[in-house]
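A.B. asks: Mature numbering (1 follows the signal peptide of the UniProt record, and there is no 0) puts the sequence shown at residues -20 to -1, 1 to 108.
Worth flagging that the hints you see were computed from the coordinates, not collected in a lab. Please note that the accuracy of each hint is not assured.
[Claimed, not checked] Computed cross-link-like contacts, DMTMM-like style, restricted to lysine to aspartate or glutamate with a CA-CA straight-line distance of at most 25 Å: (1) K11 <-> E49; (2) K12 <-> E83; (3) K12 <-> E49; (4) K6 <-> D33.
Remember, predicted model here, so these are calculated numbers, not experimental data.
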Amino acid sequence: MKRIFLICLLILMTGLASQAQKIEFKKISAKKFQSLIQKDNNHVLIDVSRKIDHIEGYIAGALFAESSEKLYSILDTTPSSRSILVYCRYGKRSQKACWLIAEKYPHKIYSLAKGFEDWKAKGYKLVN
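Model the full assembly from the supplied sequences, consistent with the hints where possible.
C.D. replies: Below is the structure:
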């Protein structure tokens, strides 16, 4: 009986540990990203592009986080009730940033799947 109890306890603890480590964010299309920006004012839009890419153009209203320190500074002042929308030029830096955000902050997190280049190609509004 003790053995069965210990096995069940071990299984339960393993399940709880895997739940605690579950880190999630959604990669979404430019169309969905635009829709979230327009419909939901309860978000923070963050550009994690390189400085040279940011200077060439960005999405209106985006906060520029050129380093993880700047990213954390932005997030430290962001209520957990707000969604986080992250993008970069091609989508790779934003994906890494989403992992960093998800590890520390309890927000809904969205990454622009194919990056700012796809955003521009689709003809969405930008700031130069």
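A.B. asks: Among the hints numbered above, which are violated by the structure, and what are their numbers in rising order?
C.D. replies: The structure breaks hints 1, 3; every other hint is satisfied.
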